[in-house]
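In order, the protein sequence lines correspond to chains A and B.
Read in order, the letters of the first sequence correspond to residues 1 to 282 in the working numbering.
Read in order, the letters of the second sequence correspond to residues 1 to 318 in the working numbering.
Quick caveat, the hints were computed from the structure, so don't treat them as lab data.
Check before you lean on any hint, since a few could be wrong.
Cut-off 27 Å, straight-line C-alpha distance, at most; resulting in silico cross-link-like pairs (BS3-like, lysine-lysine) [said to hold, decoys possible]:
hint, chain 1, residue 1, chain 2, residue 2
1, A, 76, B, 305
2, B, 294, A, 186
3, B, 39, B, 3
4, B, 249, A, 84
5, B, 308, A, 146
6, B, 236, A, 90
7, B, 308, A, 73
8, B, 301, A, 188
9, B, 236, B, 249
10, B, 115, A, 233
11, A, 149, B, 301
12, B, 308, A, 91
13, A, 149, A, 84
14, A, 146, A, 233
15, A, 146, B, 301
16, B, 305, A, 73
17, A, 117, A, 56
18, A, 188, B, 305
19, A, 186, B, 249
20, B, 294, A, 87
21, A, 84, B, 50
22, B, 305, A, 186
23, B, 236, A, 233
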Amino acid sequence: MVQDKEGVLPPQNRRTASDGLWIKCEKCQELVYRREWERLLQVCPHCRYYSQLTAKERIAFLLDKASFKEHDKDLKPTDPLGFKDSKTYKKRLAQAQKKTGLFDATITGEGQLGGHKVAIGALDFGFMGGSMGTVVGEKITRIIEKATKRRLPLILVSSSGGARMQEGVFSLMQMVKTSSAIAWFKEKGGLYISILTHPTTGGVTASFASLGDIIIAEPKTLIGFAGPRVIEKTIKESLPEGFQRAEFLLKHGLIDMIVERHHLRKVLIQILDFFKSEKCPL
Amino acid sequence: MNKEFDFERPIVEIESKIEELSREETEESKAEIERLQQKAQRLRQKVFTKLSPWQRVQVARHQQRPGLRNYIDGIFEDFLELHGDRLFGDDPAIVTGLAKIDGLPVILIGNQKGKDTTSNLACNFGMPHPEGYRKARRVMELAQRFHKPIITLIDTPGAYPGIGAEERGQGEAIASNLAYLSRLFTPIIVVIIGEGGSGGALAIGVGDRILMLENAIYSVISPEGCAAILWNDESKAEEAAGRLKLTSKDLLRLNLIDEIIPEPVGGAHRDYDETFERLKEALLCHLRKLQQVKVELLVAKRYEKFRKMGRFLEESKE
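Next comes chain A alone, as it looks inside the complex (with noise of 0.2 Å):
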């Protein structure tokens, strides 16, 4: 499936895309065969382009075949501020939930990575841009929790603009239930592994995504607190090329590796077999 940039693509447009037997690169305009596409975890062969994946299918992708349990599937969000801009927030959640057959933004559960048995979470960036609301902070902190309790290791893939501001002060203290469940995990002698792919922002970069033990992003991924735009505004010049992408990173020290999609499994494995022949110091 073809992933829209601001989550704005007509329908129409995505059910052609998806039921065409060629996809067309975002980026490069190419077509390429559809089944290769697929094969090649959706990046483009021709210009490298990383088409962003859905929660389902990045969790599909990174877990062993037929592994994955879902957690907290019911939970749905509700509208604590009675928010409305052009539109109502219950009309957006409506139409996000429509469009990602999801309840919010975000999937997570258990599952096993290349045999270890691993808790998992994923944005989708699809459902209002990934964004942090209460019911992201809540499926976020129970499967930390439970990666504490059950010790098992935690993977986070984020993408997401940030905290979610249709639920206002609810959604910032999402970073706080968060990032106070990563630190209780980590103490517990958690191993956490943060994946940033595209584009990590705002409230999740200022929260758990930044807290991982090791911290992997995928090519050109931008990851940032504010967002280029703003920064722009703010200083009124124009950004330096590759600005808070994850090379620019990588070259600042913040992050441990980029790491390519097709490469992703097998990194992950290692670092696992690595901490698996260590004891858990609890």
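Assemble the complex: chain A is given as a structure, and chain B must be docked to it using the hints.
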């Protein structure tokens, strides 16, 4: 001189009339002055109890509103500032130091905003860089090791969105503080004294008690930023301010803060001393209570406090 708000205009008119009359010095004018003063006071009270969220945003950002340095002078004794994060630099937008309140030693962390262009430039308009949050973390560690309670005073538009800030890991600096504060074994009292601007405020905003001055604001995004993104129109900031539920009253109702410190009629900038006295009293009351609680329990309760924040629906348990 206080800068008056538009919504204070009727009061200002009465006050200028009072000023005129006071030059006459007759018996009648004295009686009239007294009547008018009472009227002005009543009117001000009425106006300020009914401020719209957008009006409160303006009060929270008032140039003459007491800032961190005023509170340090007005509430604390023996303040000794500590500088630098030992890694990169000293961020003037965050001030940390040793202080005493009614003789009780505390570690103080706060946001420094300016009152005019020069002082604002000196502290980057109260917008911290990563080194500010890392300086705060350094003194948090000190507080824990020597069992000193922490008081944080929040007044920031937000973390600085700039190139250097991103290069040095603004997101990591904030995230680490959230994690660190949640497991810090010493009492923490957080007070939002002016603007509580999103993650940049939250980075020193995790504690056992969250207090808010009556006209302070606390928000996930500035009303202007919210309007620009959701309405595509910054002029909708007034409407966004209403929708975001960023006033102390809203946040208390939503159980996101613990207590509102009432401000003098007309806002904290009208009467510094009264503001200091009220905040000092509240701080001492909470400090004494928190010091009675075993610190392990305190940390467990702090976790639970934030753990409960949020609203969602759940039909069945797994």
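These are the hints, each one checked on the structure:
1. 76(A) to 305(B): Cα-Cα ~22 Å, so holds.
2. 294(B) to 186(A): Answer holds: residue 294(B) to residue 186(A) is near 23 Å, not above 27 Å.
3. 39(B) to 3(B): Satisfied, since the Cα-Cα distance of roughly 20 Å is no more than 27 Å.
4. 249(B) to 84(A): holds (20 Å)
5. 308(B) to 146(A): Judged against 27 Å, a Cα distance of about 17 Å means the pair holds.
6. 236(B) to 90(A): holds (20 Å)
7. 308(B) to 73(A): holds (19 Å)
8. 301(B) to 188(A): holds (18 Å)
9. 236(B) to 249(B): holds (22 Å)
10. 115(B) to 233(A): The hint holds at about 23 Å.
11. 149(A) to 301(B): holds (19 Å)
12. 308(B) to 91(A): holds (26 Å)
13. 149(A) to 84(A): violated (39 Å)
14. 146(A) to 233(A): violated (42 Å)
15. 146(A) to 301(B): This hinted pair holds, its Cα atoms lying about 19 Å apart.
16. 305(B) to 73(A): Satisfied, since the Cα-Cα distance of roughly 24 Å is no more than 27 Å.
17. 117(A) to 56(A): holds (18 Å)
18. 188(A) to 305(B): holds (20 Å)
19. 186(A) to 249(B): violated (36 Å)
20. 294(B) to 87(A): Cα-Cα ~48 Å, so violated.
21. 84(A) to 50(B): Within the cut-off at roughly 22 Å; holds.
22. 305(B) to 186(A): Holds, at roughly 20 Å.
23. 236(B) to 233(A): Cα-Cα ~18 Å, so holds.
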